[in-house]
Structures are given as C-alpha cells and as structure tokens.
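S.K.: Here is what each chain is made of, one letter per residue.
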Amino acid sequence: VAGAVGGRVVGDPATRLRGIETLDRAAPEDLSWVADDRHARAASESRAGALLVSAEPVAGGRPAVVVTNPTLAFAIWLDRIRPRPRPRPGVSPRAHVARGARIGKGVSVGPGATIAAGARVGARTIVGPGAHVAEGVEIGEDSWIHANASILAGTRIGARCMIHSGAVIGSDGFGFVWDGLAHRKIPQVGRVRIEDDVEIGANTTIDRATLGETVVGRGARIDNLVQIAHNVVIGENAVVCGLVGIAGSSKIGARATLAGQVGISDHVTIGEGAILTGQAGVPVGGRVPPGAVLSGMPAAPHRNFLRSAAVLARLPDLARRLDRLERRVEEAAAAGKGGEPWSSESRRS
Amino acid sequence: VAGAVGGRVVGDPATRLRGIETLDRAAPEDLSWVADDRHARAASESRAGALLVSAEPVAGGRPAVVVTNPTLAFAIWLDRIRPRPRPRPGVSPRAHVARGARIGKGVSVGPGATIAAGARVGARTIVGPGAHVAEGVEIGEDSWIHANASILAGTRIGARCMIHSGAVIGSDGFGFVWDGLAHRKIPQVGRVRIEDDVEIGANTTIDRATLGETVVGRGARIDNLVQIAHNVVIGENAVVCGLVGIAGSSKIGARATLAGQVGISDHVTIGEGAILTGQAGVPVGGRVPPGAVLSGMPAAPHRNFLRSAAVLARLPDLARRLDRLERRVEEAAAAGKGGEPWSSESRRS
Amino acid sequence: VAGAVGGRVVGDPATRLRGIETLDRAAPEDLSWVADDRHARAASESRAGALLVSAEPVAGGRPAVVVTNPTLAFAIWLDRIRPRPRPRPGVSPRAHVARGARIGKGVSVGPGATIAAGARVGARTIVGPGAHVAEGVEIGEDSWIHANASILAGTRIGARCMIHSGAVIGSDGFGFVWDGLAHRKIPQVGRVRIEDDVEIGANTTIDRATLGETVVGRGARIDNLVQIAHNVVIGENAVVCGLVGIAGSSKIGARATLAGQVGISDHVTIGEGAILTGQAGVPVGGRVPPGAVLSGMPAAPHRNFLRSAAVLARLPDLARRLDRLERRVEEAAAAGKGGEPWSSESRRS
Numbered sequence: 032v033a034g035a036v037g038g039r040v041v042g043d044p045a046t047r048l049r050g051i052e053t054l055d056r057a058a059p060e061d062l063s064w065v066a067d068d069r070h071a072r073a074a075s076e077s078r079a080g081a082l083l084v085s086a087e088p089v090a091g092g093r094p095a096v097v098v099t100n101p102t103l104a105f106a107i108w109l110d111r112i113r114p115r116p117r118p119r120p121g122v123s124p125r126a127h128v129a130r131g132a133r134i135g136k137g138v139s140v141g142p143g144a145t146i147a148a149g150a151r152v153g154a155r156t157i158v159g160p161g162a163h164v165a166e167g168v169e170i171g172e173d174s175w176i177h178a179n180a181s182i183l184a185g186t187r188i189g190a191r192c193m194i195h196s197g198a199v200i201g202s203d204g205f206g207f208v209w210d211g212l213a214h215r216k217i218p219q220v221g222r223v224r225i226e227d228d229v230e231i232g233a234n235t236t237i238d239r240a241t242l243g244e245t246v247v248g249r250g251a252r253i254d255n256l257v258q259i260a261h262n263v264v265i266g267e268n269a270v271v272c273g274l275v276g277i278a279g280s281s282k283i284g285a286r287a288t289l290a291g292q293v294g295i296s297d298h299v300t301i302g303e304g305a306i307l308t309g310q311a312g313v314p315v316g317g318r319v320p321p322g323a324v325l326s327g328m329p330a331a332p333h334r335n336f337l338r339s340a341a342v343l344a345r346l347p348d349l350a351r352r353l354d355r356l357e358r359r360v361e362e363a364a365a366a367g368k369g370g371e372p373w374s375s376e377s378r379r380s
Numbered sequence: 032v033a034g035a036v037g038g039r040v041v042g043d044p045a046t047r048l049r050g051i052e053t054l055d056r057a058a059p060e061d062l063s064w065v066a067d068d069r070h071a072r073a074a075s076e077s078r079a080g081a082l083l084v085s086a087e088p089v090a091g092g093r094p095a096v097v098v099t100n101p102t103l104a105f106a107i108w109l110d111r112i113r114p115r116p117r118p119r120p121g122v123s124p125r126a127h128v129a130r131g132a133r134i135g136k137g138v139s140v141g142p143g144a145t146i147a148a149g150a151r152v153g154a155r156t157i158v159g160p161g162a163h164v165a166e167g168v169e170i171g172e173d174s175w176i177h178a179n180a181s182i183l184a185g186t187r188i189g190a191r192c193m194i195h196s197g198a199v200i201g202s203d204g205f206g207f208v209w210d211g212l213a214h215r216k217i218p219q220v221g222r223v224r225i226e227d228d229v230e231i232g233a234n235t236t237i238d239r240a241t242l243g244e245t246v247v248g249r250g251a252r253i254d255n256l257v258q259i260a261h262n263v264v265i266g267e268n269a270v271v272c273g274l275v276g277i278a279g280s281s282k283i284g285a286r287a288t289l290a291g292q293v294g295i296s297d298h299v300t301i302g303e304g305a306i307l308t309g310q311a312g313v314p315v316g317g318r319v320p321p322g323a324v325l326s327g328m329p330a331a332p333h334r335n336f337l338r339s340a341a342v343l344a345r346l347p348d349l350a351r352r353l354d355r356l357e358r359r360v361e362e363a364a365a366a367g368k369g370g371e372p373w374s375s376e377s378r379r380s
Numbered sequence: 032v033a034g035a036v037g038g039r040v041v042g043d044p045a046t047r048l049r050g051i052e053t054l055d056r057a058a059p060e061d062l063s064w065v066a067d068d069r070h071a072r073a074a075s076e077s078r079a080g081a082l083l084v085s086a087e088p089v090a091g092g093r094p095a096v097v098v099t100n101p102t103l104a105f106a107i108w109l110d111r112i113r114p115r116p117r118p119r120p121g122v123s124p125r126a127h128v129a130r131g132a133r134i135g136k137g138v139s140v141g142p143g144a145t146i147a148a149g150a151r152v153g154a155r156t157i158v159g160p161g162a163h164v165a166e167g168v169e170i171g172e173d174s175w176i177h178a179n180a181s182i183l184a185g186t187r188i189g190a191r192c193m194i195h196s197g198a199v200i201g202s203d204g205f206g207f208v209w210d211g212l213a214h215r216k217i218p219q220v221g222r223v224r225i226e227d228d229v230e231i232g233a234n235t236t237i238d239r240a241t242l243g244e245t246v247v248g249r250g251a252r253i254d255n256l257v258q259i260a261h262n263v264v265i266g267e268n269a270v271v272c273g274l275v276g277i278a279g280s281s282k283i284g285a286r287a288t289l290a291g292q293v294g295i296s297d298h299v300t301i302g303e304g305a306i307l308t309g310q311a312g313v314p315v316g317g318r319v320p321p322g323a324v325l326s327g328m329p330a331a332p333h334r335n336f337l338r339s340a341a342v343l344a345r346l347p348d349l350a351r352r353l354d355r356l357e358r359r360v361e362e363a364a365a366a367g368k369g370g371e372p373w374s375s376e377s378r379r380s
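From first to last, the protein sequence lines are chains A, B and C.
Position in the first sequence (first residue = 1) + 31 = the working numbering.
Position in the second sequence (first residue = 1) + 31 = the working numbering.
Position in the third sequence (first residue = 1) + 31 = the working numbering.
Please keep in mind that the hints were generated in silico from the structure rather than gathered at the bench.
Hints may contain errors.
[As the list claims (entries may be wrong)] Only pairs whose alpha carbons sit at most 16 Å apart, straight line, appear in this in silico EDC-like list of lysine to aspartate or glutamate:
{"hint": "1", "chain 1": "C", "residue 1": "216", "chain 2": "B", "residue 2": "110"}
{"hint": "2", "chain 1": "C", "residue 1": "216", "chain 2": "B", "residue 2": "227"}
{"hint": "3", "chain 1": "B", "residue 1": "216", "chain 2": "A", "residue 2": "348"}
{"hint": "4", "chain 1": "B", "residue 1": "282", "chain 2": "B", "residue 2": "244"}
{"hint": "5", "chain 1": "C", "residue 1": "282", "chain 2": "C", "residue 2": "303"}
{"hint": "6", "chain 1": "C", "residue 1": "136", "chain 2": "C", "residue 2": "173"}
{"hint": "7", "chain 1": "C", "residue 1": "216", "chain 2": "B", "residue 2": "303"}
{"hint": "8", "chain 1": "C", "residue 1": "282", "chain 2": "C", "residue 2": "244"}
{"hint": "9", "chain 1": "A", "residue 1": "136", "chain 2": "A", "residue 2": "110"}
{"hint": "10", "chain 1": "A", "residue 1": "282", "chain 2": "A", "residue 2": "267"}
{"hint": "11", "chain 1": "C", "residue 1": "136", "chain 2": "C", "residue 2": "172"}
{"hint": "12", "chain 1": "A", "residue 1": "216", "chain 2": "A", "residue 2": "267"}
{"hint": "13", "chain 1": "B", "residue 1": "136", "chain 2": "B", "residue 2": "173"}
{"hint": "14", "chain 1": "B", "residue 1": "216", "chain 2": "B", "residue 2": "227"}
{"hint": "15", "chain 1": "A", "residue 1": "216", "chain 2": "C", "residue 2": "169"}
{"hint": "16", "chain 1": "A", "residue 1": "216", "chain 2": "C", "residue 2": "173"}
{"hint": "17", "chain 1": "B", "residue 1": "136", "chain 2": "B", "residue 2": "110"}
{"hint": "18", "chain 1": "B", "residue 1": "216", "chain 2": "A", "residue 2": "227"}
{"hint": "19", "chain 1": "A", "residue 1": "216", "chain 2": "C", "residue 2": "110"}
{"hint": "20", "chain 1": "B", "residue 1": "216", "chain 2": "A", "residue 2": "110"}
{"hint": "21", "chain 1": "C", "residue 1": "136", "chain 2": "C", "residue 2": "169"}
{"hint": "22", "chain 1": "B", "residue 1": "136", "chain 2": "B", "residue 2": "169"}
{"hint": "23", "chain 1": "A", "residue 1": "216", "chain 2": "A", "residue 2": "173"}
{"hint": "24", "chain 1": "C", "residue 1": "282", "chain 2": "C", "residue 2": "267"}
{"hint": "25", "chain 1": "A", "residue 1": "136", "chain 2": "A", "residue 2": "173"}
{"hint": "26", "chain 1": "A", "residue 1": "282", "chain 2": "A", "residue 2": "303"}
{"hint": "27", "chain 1": "B", "residue 1": "136", "chain 2": "B", "residue 2": "172"}
Using the sequences and the accompanying hints, generate a full structural model.
M.R.: Written out as structure tokens, the structure reads:
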C-alpha cells in the first residue's frame, strides 16, 4: 500500500489486509482512512486493521501508512485494488454506426447505441448502450459516454471525460423573442465544447450556444441534474453540485464551487475559487468576487447570512419588543408633558 | 362498489354508474369521492350520481358508500375498473438480452431494451422500450422498469417496484479529492439497493455508494427529478417530492416527507415522520428530530418560520420605526441634559 | 437583409456580410444586432460591419437596418441564413414501428426509435434516435421528438412542437394514499395534452393526470429539467424556466413567467402575465394576481422583497440597536424614579 500511495509505513509492514472500508464499518482485515483529524476519535474506535493517516499519532499504535492526504491515498489505492470493469472493445451488432462516422481504435459501442454520420469517436472511448452520438460530434480518447446519454449535433468532448447516463449535451438554448403574437424561437446554432478530464453527472443538461460556444473547462466536475444554459462558461476545475441551475451567458470562475440547488441568473460572473453554499441565488448581472463565500437569496457573505439567519429566528420577538418600547416612550412623553419625569410609574397611568 | 371497497351502502343500491370523476367534473352517471370533510360544500354542489364518503351526512341524500377513507376507496375502485394495460410477456426481437442474463417467467422486454450479462430479472417484471439493465443487476418479481430508464451495474431492485422513464439508478457518486493539480476521482465501487414496493419517478437519479450501499427503503415514494447522492439511506415509506436533492451519506427516517425542492446537505439525519416543507434546506450535519415540521433555509420550526416570514414582510417598516425611536430618545436625552423633562415638545426643538 | 426582416436600410446598401455575431465578437464582415438601447455603448465599440437597430442614431453612422425589434429581426435572419439541418424522411431500418402505428407522409424515424401500436405520427414529424412513442400517442404535423425522449401512453402532442432529448411526457402522477400500512398507489389514468407550437426542454418531466388531463397550452415555452405534476394546466405562451417545479392541479396563467428554480405548490393559481422571479415559492393554495411580480419564499411583491432583503442584511445591527435602546430607556426609567430627568448622565449611573 505504502508503495502505491507514496507513504511511510508505521507499525508491522507484514499486516495482511482483505478490503477497504469506512472507519465505522471496517473489520480487522480491512484498511481504512482518516480523512481529517476531526475523525481522530472515530479512528480510535474503528476496528480497522490498518489506517491511512496524515500523522502517526492518529493511528493510535495500529499499523498505518502516513501520507500527506489520506483521502487521496484512499482514492489511489481503491482504484488499484478495485479497477472499474470496462466493456470489451468492439461495436455491438445491435448498435448503429452510420457510414461516415469515424471510430478510433479500441472503441466500444454498446447495443442500442447510435452514432451518426460525421461523428468522430477517439481511441478507447466507450459509448454505452442506448447512448446517442449525433451528427458532427467529436469525442476525444479514453472518454466514456454512459447508457442513454445524448450527445447532440456538433458537440466537442475532450479526452478522458465521463458523461453519465441520461445526460443531454447540446440541446437548444432557451431563446425566443416575442413577436407580438407568439414567442418566436431564436435559432440556436452554436455548440457545446467540453474540455479534457471533465465529469458530467446523470441527467444533467447543457445547452448549445445561440452563437459561439457553451464551454465546460478542463477538469470541471458537474453533478447530476444540473442545468447549464446557452453561452455559459464554466472555469477549469470548477465544482457544480446537484440541481444547480446556471442561466444564459454566466461565467463561473476556475475552482469555484456551487453547492446543491444554487441558482445563478443570467449574465452573472462568479470569481475564481468563490463558493456559493446550498440554495444560494445570485440575481441577474451579479458579480461575485474571487474567493468569496456567499449564502442565501439574494446571496450575501456567508458570515452575514448566518448572523441574519440567527436574528431572523427571533424576529417576531424583536418586533414585539419594538412595539413595547415605542409605547413606553410614547407614554413617557405624554407623562412628561404634564411635568412628570419619565418613570416606571408613568406606565401605570 | 361497496363490496370492492369494503363500505356500507346508503341510498339506492341499484344506482348504475358509468365512470368516476372529481367532484367538479362528475356527471350524474359518475361516481365521485369526498376526500375530506372540508370538501363537503363541493360535494353538495357536485352533479355526481353517487359518492364515496366518510360519513352519511356528507352525501346530502344522494346514493353513497360510507367508508373509513374515501380516497383509499377511490384508489381501490379505480384500480379495479381501469386496470393498467400491460405489455404482453416475451422478449421483443428488437431487444438485446445478453447470454448469461437470467430472465424469469412471464417477463416482458420491449424493443430497444438491453439486458447485460449477469443480470437477473424476476418473474413477470417488465423492462420497457429502450431501458438498460446493466451487468450484475438483480430485479425482483412484478417490477416495472419504464422506457429509457438506466439501471446500472450491480444495482439491486426488489419486487413490485416501479422505476419510471429516464430514471438513472446506480450512477457514480460525486466523489473526488484535490491532488494539488486536479480533482482526482474517488472510485465509486458500492451499489444501490432498492427494497420492495418502491416507486422512483421519471428522470430521478440515485448514485451508487462509494463503498457499501445507497438504500431506498421498502415502500418509499420518490417523485420525478430527485437527486439522491452516494451512501444516502431513505427510510421505509418515506416520501420525497420533485426536485429534492439529498447529499452524500444523509439519512431520511421512515415515513418522513420531503416536499418539493427541499435540499438536504451531506451527513444530515432526518427523524422518523419529520416533514420538511417546500424549498426548505438543512445544512451540513443537521439533525431533525422525529416528527418535526420545518421550513425555510436554514430550516426552522414551521410555526416560527411563518411568524418570521410575516414580520419579514414589514421589516423595512420596523427599521424605520427603530430609527425614529432612537432619534426621539436621543433628542429627549439631549433635552433632559438641559433640565427639560423628556416630552413631545422636545421633538420640535 | 432588410427585405427579409422588414426594415429600412440606412447607409450603404451594397455592404457585403459573411456572418452574424454578437456585438463583442463581430468582425467587420459580420452583421450584429442591438437588442436594447442600453447596449448603445457596446454597439459603438463593436467592430460589426452592419447592425440591426431600432433607431438610426444607435448605428453610429454604420450601415444598418432599422427595425421595430432588432432581436426579432436577428431571429428571422438567423433562421434564414442558418436553417436547421433536418434528418431525411424515412424510417430507419434500425427503428421499431409496430404494426398498427400510423405514420404520416414525410415522417423521419431515427435508429433505435420505437413507435408502439395505436400511435399516430403526423406528416413531416421527426422522431429522433432512441426516442419512444408509446401506445395510443398522437403527435401532430411538423413536430420534432428529439433523441431519447419518452412520449408515454395516450399523450397528445400538437403540431409544430419540439420535445427535447430525454424529456418524459406522460409519466405517472405522484399520487398515493396511506392505507394504514403502506402508501397505496392511486392509479393515474388521465393523460397529457400538449397544444400546438409548444417547446419542452431536455430531461423535463410532465406527469399524466390522475383523471382528465395535464395541459400545456399553445405556444408555451418550457425549459430543461422542469417538473410538471398531474393535472397542472399551463396557459398559452407561458414561460417556465429551468428546474421549476409545479405541484399537482396548479394553474399557470397565459403569458405568465416562472423564472429558474421557482416552486409552485399544489392547487395554486398564477394569474395571467404574472412573474415569479428566480427561486420564488408559492405555498399550497396560493393565488397570484394577474400581472403581479413576486419574489422570495413565501413569495411577496418583488419591491417589498428587495426592501426586506436590504434590511435583512443589517438585521443583526438592528437587533443590537434595539437592545441598546431598551437598556437606555430602562436606565432612564430607573433614574426617573428617583426624580432625575432622563439624561445621558443617567447611563453612567
């Protein structure tokens, strides 16, 4: 293990392990990992036979491998001991590959998949059962399009991308203009470009640009059921969680994080590394500075949001106190008119 | 009718009915039902020829069947008079069933469906057109996988489940770790287990566990476009409405209800029978006690939320009043310094 | 250009153009358009060779076509110069069309598509790869069902509709009743009816009615990942943006707009032309008057919402000020008891 993850062994290097499990589920034959020093107590209570830790004391005397980042070591080790099964290369006789489509070496195309004319699929890429690759799509090497995903006309997808089941890449942008009688559709003639090493979640939808490109930058991570509208640009290594909606022409900076159900209106700019917490909303044209952490709708600095939320809970009480205070001051004033100093007695009058 | 739903006839038992309709649409040939005594007025105005009611007076003299739960009686009766059409058993010649897949008696597999090696499909289960059942999936008896749903590798689905169109069960969890240069994917090697009698809505996504299982308990009802992350556990008979997102490792108690667009962060525990109202949000690590009714983001007891919301609407007015009061007290204090009692006159100075 | 879009030429009518681009990306060979007079500055800085404008001065001396609505002119012109490629008519040998399905003249059915018995598909309609058209579905002329969409049993779709990829039309409504031991499913025997000229976004879900119909009115525009529950009625030309959820039996008025992530509870009525801004929520049974503009959850008039949100940000400060004022008044009162006038000195006592 230590060799594979680049760590230092502490304790008996001959310990034999069978599997890998979370701290609370690990048995004496299992390796586990301590993601964070806050889990030190869970680590001490774990039955795990060995641990991946960031510092020797966390292991509490058990055999361990000390690494800079235990979660990273866990990911590397898990990938090694339980590599993902891959379908065999080859085109299923039940798939439909149009003449004029160019399929790289070692590509796997599942039953029911359809690849249209003019599409190019890079070497070793997998197109799952029922997936659709439309006219003029280009997909790089070593990518994986899962079952029933739809990659629509003209989309570009880089190398080593993973597009999960049911995702729709390249649907029309939501653009129309009222002509006095009806909404007239604005043709959506741009495309979607997804750079290398991107992961797109199940049933996520990414609309093509009206003109130009909708872009998902290299290394970005998009979760399930996310809506990305026309002409949006997602920066490199950005993280977009489930059920987030990003409206037209907004820009998400590199390494920014949008937590679950965040809503970004159109023409918004989110700075690099900024964080929007769950359900936060940014109104039309908003600009979030790099590194900011915002919450709520409309989004405000997270600390202010927490403070306001705490006060909000006792708002009815504040309102009552204000009423009372006004009455009291009023009464005092009335009493004062008659020459009386303002006093608690005056409240009885 | 009375025999089928277990009720007591009131009025003419020879009344002949043609259909079943809601109170406002029912004609004299139709049966209708009074879901709730609050609908008594709608019942009295309805043209329905007969009614399912919980008490005789509600029927207002019309022929009726008195039952404990009229909506339940309606469901039973509707199921009887309009049974769902089912596709004929058999594997469509346009479906692809891999050698090594085990298909039970009376199973129906639609055109374009694909069933991979190592999958098992229980007796009388239906796999709709274009649906994909991946390697090693096990599905119980009498379940129904609707058109274009994707049941991914290793998923377990119980008996009498209904998985609606476009649902994706077993997609990768959203797990990765920053390695200093990029997000490295944490392999997602667990699975999804769905117990008996569960219904999963259209285009809902349920991610496989990182290790172990993501679980949907017996009898749970999941609506459309719901996102359920890795290692989530949904309790028995829980109800999860449309567009809800539940982040990693959270636990939803038995019979809890999450209304539309609720957001549950990761490592949250929702107690048995608790209710989150529409758009409520529970932050990371939150614990909702059994039976609680919460609203808002961050979620607070529903009554407090309503009170705060009411005050919130007049918050600008409260702020103005506080300004005024401060000025007034300030002025009074200033006047007081000069020996003047604090009075309304002082406001004019 | 002027002829096609019905405008008046200003400047050199012999200007030759190659393409069409947004103001910031246009080159001297490109036409562009000034959507709004607020973009006048961007127009003056644009390198575009010619412009579609609403008034001559906006063109700043460049060749231009003056039209009433430049965005509309852009849409018309774009449609003309870059018409959407359409698949050739004909049924793919890899499609499955059941005997008993009726297919109009000039229909195109892609590979992997399935059309069940009793379905009718109008002339020139396109059914994309992997799409499913179930039993008894009726689709009008010149409609387009994109790849992997599911049109379920009995659904009616009008003429000139566009249903994007992955959409599910006619899934079961989310209806059940507790029978004391379990949720018993209420059969969903109604259908979905979509009128003419409607566009439905990718991975959107529309549930069939319990009894009767779920309706999307003529000309409505529905974005991606929208959830429309059983028995909802969407008015003509209504606009419903991404990730909106509309619960059972609610009615959305004609030309109303629901912005992204809006949540409409059940039995709500939204008046004609009303606007709900992003993430707004309307509680059960709510009634929004025609033309109203509402925000927040629970939804309140937009202006009030903005004012409350502004005050909310300084709520902790208000709370502190109220505390201080109370103390001050209290102290003054205490001092007053002893005959002292209320003064700033008393604070020190």
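S.K.: All hints, please: hold or fail.
M.R.: Here's how the hints hold up against the structure:
| no. | hint | verdict |
| --- | --- | --- |
| 1 | C:216 / B:110 | holds, 9 Å |
| 2 | C:216 / B:227 | holds, 14 Å |
| 3 | B:216 / A:348 | violated, 49 Å |
| 4 | B:282 / B:244 | holds, 12 Å |
| 5 | C:282 / C:303 | holds, 10 Å |
| 6 | C:136 / C:173 | holds, 10 Å |
| 7 | C:216 / B:303 | violated, 21 Å |
| 8 | C:282 / C:244 | holds, 12 Å |
| 9 | A:136 / A:110 | violated, 24 Å |
| 10 | A:282 / A:267 | holds, 11 Å |
| 11 | C:136 / C:172 | holds, 9 Å |
| 12 | A:216 / A:267 | violated, 32 Å |
| 13 | B:136 / B:173 | holds, 10 Å |
| 14 | B:216 / B:227 | violated, 32 Å |
| 15 | A:216 / C:169 | violated, 24 Å |
| 16 | A:216 / C:173 | holds, 15 Å |
| 17 | B:136 / B:110 | violated, 24 Å |
| 18 | B:216 / A:227 | holds, 14 Å |
| 19 | A:216 / C:110 | holds, 9 Å |
| 20 | B:216 / A:110 | holds, 9 Å |
| 21 | C:136 / C:169 | holds, 15 Å |
| 22 | B:136 / B:169 | holds, 15 Å |
| 23 | A:216 / A:173 | violated, 37 Å |
| 24 | C:282 / C:267 | holds, 11 Å |
| 25 | A:136 / A:173 | holds, 10 Å |
| 26 | A:282 / A:303 | holds, 10 Å |
| 27 | B:136 / B:172 | holds, 9 Å |
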